[in-house]
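Student: Input sequences plus hints: build the corresponding full structure.
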Amino acid sequence: MLLLAAVWAGSVAGLFVSVPMLDHVTGVGLLIFVLLTLSKSRRETKMLMLGGAAITAALLATVAGPEDALRGLERSLIFAGLLPTLQMTKAVALRMPSVHESQNRLAALPGKAADVGIAIGTTVFGSVLNTGAFALVSAVIKPDATEERRLAGARAAMRGMNISVLWSPFFVGFAVAGTYLPTVPLWQIVPFGFFCVCLSIAIALAMFARPFSFGAVRDSLACLGPIAPRLGLAAGTVILVGALTPLSTLGAIIVVMPVLCAIQFQRHPEQIMPVFEETAGAMSRMGDDLALIVVAMVVGTAAGEADALITHVAPLLEGGLPVPLLLAAMIGIQLLPAIVGIHPIITGTIFIAALTSLPHGVLPLALYEAMLAGWGLGSMISIASLSVVTSGSMFGVRPLKVAFGPNLIYVMVVWAVLVPLLSAVHYALS
Numbered sequence: 000m001l002l003l004a005a006v007w008a009g010s011v012a013g014l015f016v017s018v019p020m021l022d023h024v025t026g027v028g029l030l031i032f033v034l035l036t037l038s039k040s041r042r043e044t045k046m047l048m049l050g051g052a053a054i055t056a057a058l059l060a061t062v063a064g065p066e067d068a069l070r071g072l073e074r075s076l077i078f079a080g081l082l083p084t085l086q087m088t089k090a091v092a093l094r095m096p097s098v099h100e101s102q103n104r105l106a107a108l109p110g111k112a113a114d115v116g117i118a119i120g121t122t123v124f125g126s127v128l129n130t131g132a133f134a135l136v137s138a139v140i141k142p143d144a145t146e147e148r149r150l151a152g153a154r155a156a157m158r159g160m161n162i163s164v165l166w167s168p169f170f171v172g173f174a175v176a177g178t179y180l181p182t183v184p185l186w187q188i189v190p191f192g193f194f195c196v197c198l199s200i201a202i203a204l205a206m207f208a209r210p211f212s213f214g215a216v217r218d219s220l221a222c223l224g225p226i227a228p229r230l231g232l233a234a235g236t237v238i239l240v241g242a243l244t245p246l247s248t249l250g251a252i253i254v255v256m257p258v259l260c261a262i263q264f265q266r267h268p269e270q271i272m273p274v275f276e277e278t279a280g281a282m283s284r285m286g287d288d289l290a291l292i293v294v295a296m297v298v299g300t301a302a303g304e305a306d307a308l309i310t311h312v313a314p315l316l317e318g319g320l321p322v323p324l325l326l327a328a329m330i331g332i333q334l335l336p337a338i339v340g341i342h343p344i345i346t347g348t349i350f351i352a353a354l355t356s357l358p359h360g361v362l363p364l365a366l367y368e369a370m371l372a373g374w375g376l377g378s379m380i381s382i383a384s385l386s387v388v389t390s391g392s393m394f395g396v397r398p399l400k401v402a403f404g405p406n407l408i409y410v411m412v413v414w415a416v417l418v419p420l421l422s423a424v425h426y427a428l429s
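Mind the numbering: the sequence shown is residues 0 to 429 in numbering that gives the first Met the number 0, read in order.
Each hint can be trusted.
Taking lysine to aspartate or glutamate pairs in the DMTMM-like style, the calculated list, with each CA pair at most 25 Å apart, reads:
{"id": "1", "residue 1": "K400", "residue 2": "D288"}
{"id": "2", "residue 1": "K400", "residue 2": "D143"}
{"id": "3", "residue 1": "K39", "residue 2": "E277"}
{"id": "4", "residue 1": "K400", "residue 2": "E43"}
{"id": "5", "residue 1": "K400", "residue 2": "E147"}
{"id": "6", "residue 1": "K39", "residue 2": "D288"}
{"id": "7", "residue 1": "K39", "residue 2": "E276"}
{"id": "8", "residue 1": "K141", "residue 2": "D218"}
{"id": "9", "residue 1": "K39", "residue 2": "E73"}
{"id": "10", "residue 1": "K141", "residue 2": "E100"}
{"id": "11", "residue 1": "K45", "residue 2": "E73"}
Just the calculated beta-carbon pair ranges, DEER-fashion:
{"id": "12", "residue 1": "H359", "residue 2": "P245", "range": "23 to 29 Å"}
{"id": "13", "residue 1": "A134", "residue 2": "V258", "range": "21 to 27 Å"}
{"id": "14", "residue 1": "L399", "residue 2": "A12", "range": "40 to 46 Å"}
{"id": "15", "residue 1": "P210", "residue 2": "W186", "range": "34 to 40 Å"}
{"id": "16", "residue 1": "A423", "residue 2": "K141", "range": "42 to 48 Å"}
{"id": "17", "residue 1": "L357", "residue 2": "W186", "range": "25 to 31 Å"}
Calculated from the structure, these hints are not laboratory results.
Note that beta-carbon positions come from the ideal geometry of N, C-alpha and C, so glycine has one too.
Tutor: Pasting the structure below:
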């Protein structure tokens, strides 16, 4: 944990000073941390690490150079600063009375309205808490509920939490997209992403909330009243800092959220030690997430910056592939492999790294949202996804049943709807 704390400090320092040696040392420290924690990682992570190492070795032996792999490792550093910051934010939020008030209101929703509340609730909670949202909304389901009832709740929670990435800057997927599309400002992607979230929720309600009731939606939204102002404050502050300073989206989160947490500590000093203890414990378990990020960044950078590889891919784009096809591919390249257990972080990062290294001609805003859509939808149906595993655990059902079933159809429908929307945005704004 001390090693990761040092890497975190180096990552944060890198936001304000440009010292190549600092990046090199911090990058090596991150790699050492990942290797030291690999023995405790999930089997899926070990397999992906092994596959990533083999692909990287093949790229280095053929079309890429060592400097490309090193650049990918250094690109991973920002995430070593981001993940601990998000964990601290989550620990603080879980102790806020407004969060518990919203949780209790959701638990009081009757019958079918509960699933609507779970879906909308996890969309809101998940925007900041990510997978921590499952722990809150799972309390809505009674402990003695049937497996069918618990499974319905778990699937509703997945539909809510996983589409939060379409608009929330507090997700790793949002950060990865921002790394390769840094010209897209938060004030564009967040409102547009929120519209896509609302559209996805509407699709979910049309498919699963039958008979549909505006009253159930109204009651669910009312449950979230206590947490809405605080969520708006956090998101608004991050957007404002990102717009008014040279900091990137990730940098704004890393700087702003500790300040907001410090304000909460000033109001509730008794929370300082529990929050730091919980954050420290979470940091010691970050090997899985950081391993996936390092593999994706190293392979993606090595592939995307390899001149020989670009030479083979460039003619495909120069031939004028239709924008809708590229947007569909950006989502599908993450979605389809996810079904067989390949995490979207791998396929999505490699594809966007290769695509953005060439003159692809796609509106960055549309491509950014396509990356987020593939990430969220793919994570919803991937057995290698942390959200699937966590949801299954919180609701007491098998993760395989959560990943497959009705949500698989939902994912395909949302994919089919978003591609024309993103294409229309591209043609309208290009």
